[in-house]
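Participant: What follows is each chain in one-letter form.
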Amino acid sequence: MTFHKVLIANRGEIALRVLEACRELSIDTVAVFSQADEHMPYLNLAGERLCIGPADPAKSYLSIPAIISAAELSGAEAIHPGYGFLAENPDFVEVCEDHGLIFVGPPREVMSLLGNKLAAREAVATAGVPILPGEAVHEDEDVAEVGERIGYPLLVKATYGGGGRGMRLVPDPDALESAVLAARAEAKSACGNGSLYLERAVESPRHIEVQILADAQGNVVHFGERECSVQRRHQKLIEESPASHLDDATRSALHASAISAASAVGYRNAGTVEFVLDSNDQFYFIEMNARIQVEHSVSEVVSGVNLVKEQIRIASGDELRFTQEEIVIRGHALECRINAEDPMHGFLPSAGRVTIDELPNGFGIRLDTHLYNGMEVVPYYDSLLAKVISWGEDREEACIRMYTALERFRVRGIKTTRSFAQEIVSHPSFRHERITTDFLSNFAAD
Amino acid sequence: MDLEELQQIIHLLKEEDLTEITVWNADKRITVRRDGSVRLSSPGGELALHGVEAEESDSVDVITAPLLGTFYSRPSPEDGPFVTEGDEVSPEDTVCIIDAMKVMNEIKAESSARIKKVLVEDGDPVQYGQPLFVLERT
Chain Y
1 MTFHKVLIAN RGEIALRVLE ACRELSIDTV AVFSQADEHM PYLNLAGERL CIGPADPAKS
61 YLSIPAIISA AELSGAEAIH PGYGFLAENP DFVEVCEDHG LIFVGPPREV MSLLGNKLAA
121 REAVATAGVP ILPGEAVHED EDVAEVGERI GYPLLVKATY GGGGRGMRLV PDPDALESAV
181 LAARAEAKSA CGNGSLYLER AVESPRHIEV QILADAQGNV VHFGERECSV QRRHQKLIEE
241 SPASHLDDAT RSALHASAIS AASAVGYRNA GTVEFVLDSN DQFYFIEMNA RIQVEHSVSE
301 VVSGVNLVKE QIRIASGDEL RFTQEEIVIR GHALECRINA EDPMHGFLPS AGRVTIDELP
361 NGFGIRLDTH LYNGMEVVPY YDSLLAKVIS WGEDREEACI RMYTALERFR VRGIKTTRSF
421 AQEIVSHPSF RHERITTDFL SNFAAD
Chain H
447 MDLEELQQII HLLKEEDLTE ITVWNADKRI TVRRDGSVRL SSPGGELALH GVEAEESDSV
507 DVITAPLLGT FYSRPSPEDG PFVTEGDEVS PEDTVCIIDA MKVMNEIKAE SSARIKKVLV
567 EDGDPVQYGQ PLFVLERT
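From first to last, the protein sequence lines are chains Y and H.
Numbering-wise, the numbering used here puts 318 at position 318 of the first sequence, and it's gapless, one number per residue.
Add 446 to a position in the second sequence, counting from 1, and you land on the number used in the numbering used here.
Rather than coming from a laboratory, the hints here were simulated on the basis of the structure.
BS3-like, lysine-lysine: derived pairs with alpha carbons at most 27 Å apart:
(1) Y:59 <-> H:554
(2) H:460 <-> Y:5
(3) Y:59 <-> Y:188
(4) Y:309 <-> Y:5
(5) Y:117 <-> Y:188
(6) Y:59 <-> H:548
(7) Y:5 <-> Y:59
(8) H:548 <-> Y:5
Here are some of the chain Y residues that sit facing chain H, going by a computed Cβ distance under 8 Å:
(9) 28
(10) 50
(11) 51
(12) 53
(13) 66
(14) 70
(15) 73
Every residue, glycine too, gets a C-beta built ideally from N, C-alpha and C.
Extracted from the complex, chain Y is given alone in its bound form (with noise of 0.2 Å):
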């Protein structure tokens, strides 16, 4: 079965890039836009497009009544939710399905199982990944008692969380308490509920991650991995694929626990296994991502299969078109996350009309972005300006190559990460050392 016709329900490079693969299995489209994006030129790619609300997301891109009734007036038959949003909302796909509608993604018990991260752990720990010591901590528990039996450094973690919120960690038990109370208050506020667990923290952890493609015949294979130890408050930075200073065995293990893991819970579609490894690259499963996320270009890179056409072959039926042996990972790719934030000024989101002076291009060079002259960058949005990603027959030739496209990427009138991603891919730790997360405090410090 193919599909027809198509419904975006994102907006931005991601909202582009699935318009551009479904034109590329001949599908007709169907784009959806706020009323803040209503200059997007991307939206002149699409079929049809329709204006669901203004700009405030909740009203338009999270409001699920009107992006049904957008597909129901245009006659899409799947919807695709790109990242953010409603991607991982599994009453989204509830009445996605209730209207016949396909749901590009995993279908509704799975992400449902993999938001709540508790029970995610113990699926996949039943399949023999390794996960850390953890627990429920509830809201009339000693909390002193979970903490004594997880032992310490551990992080308070938000059950339905995800992106850090939540998140304490807790050096000893002294501050266990406090950290407790907080994240509780926060992972209200932020995922709607109070639920926490206490899980073992690593110190100075590597962030690995594995990309995987699975079907609904039961296939599952993997791209590689993704390094993407570069954070700034869990929001990843820079990301690459493959990770350096990593042993062919761990590599291999690491692969072999994501294709076990999304096989455990019946996943379905592309989705990403994470883990956080230790000092001796001991890992141990955090979560599975049930959407397509921002890094997964760099995959895409070095493997060269579209998994954002996949993800919508895979939604329509199709079985895998290929097997693990026939994915081959060549050479090296970085990408640098190009935000509209000021890094001299703690990040803070900077908004304004964009004038472009120049952007990269060229051999290795992928640039996926919205931006266009004259953009006006809102405060509404997620402020993601622009993937830059290079590849390299080696992650050297990768380094210098990205180093040079940032400095072709000049705009004004915003403040972006740029130069702060250029230096980073010039530093000599980032050059040659093991990174692990700790690198952009210790970086920040120098």
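Given chain Y's structure and the hints, the job is docking chain H onto it.
Facilitator: Same frame as chain Y, but now just chain H:
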């Protein structure tokens, strides 16, 4: 695109036993379907906002769609329309219904005015912000 090209497309559709052909270029997009319908749209889209001619008067107002959905001018297919051109309305009066996910949202006039023009027809799909009625303040 001229008539000859269109005939060629229709011919191709029959010859190749296809159900649908879409052809597009910079300023036009044509879909020909086997159910006999032909759709034409500009890059602005099939449901592009209908422009309301600007009138240099403070007494003219427009009611726009507060949500995307299907526009109904009447409470049920058996009834007459809520309002017709020339009617006077009060703020609390319902002027139409917009159906989104089978929820019938009653749209109020919000001001005391006279309906100068109805811009959409019963059953039309409308998008957010689309002008529905032109009002003349009374």
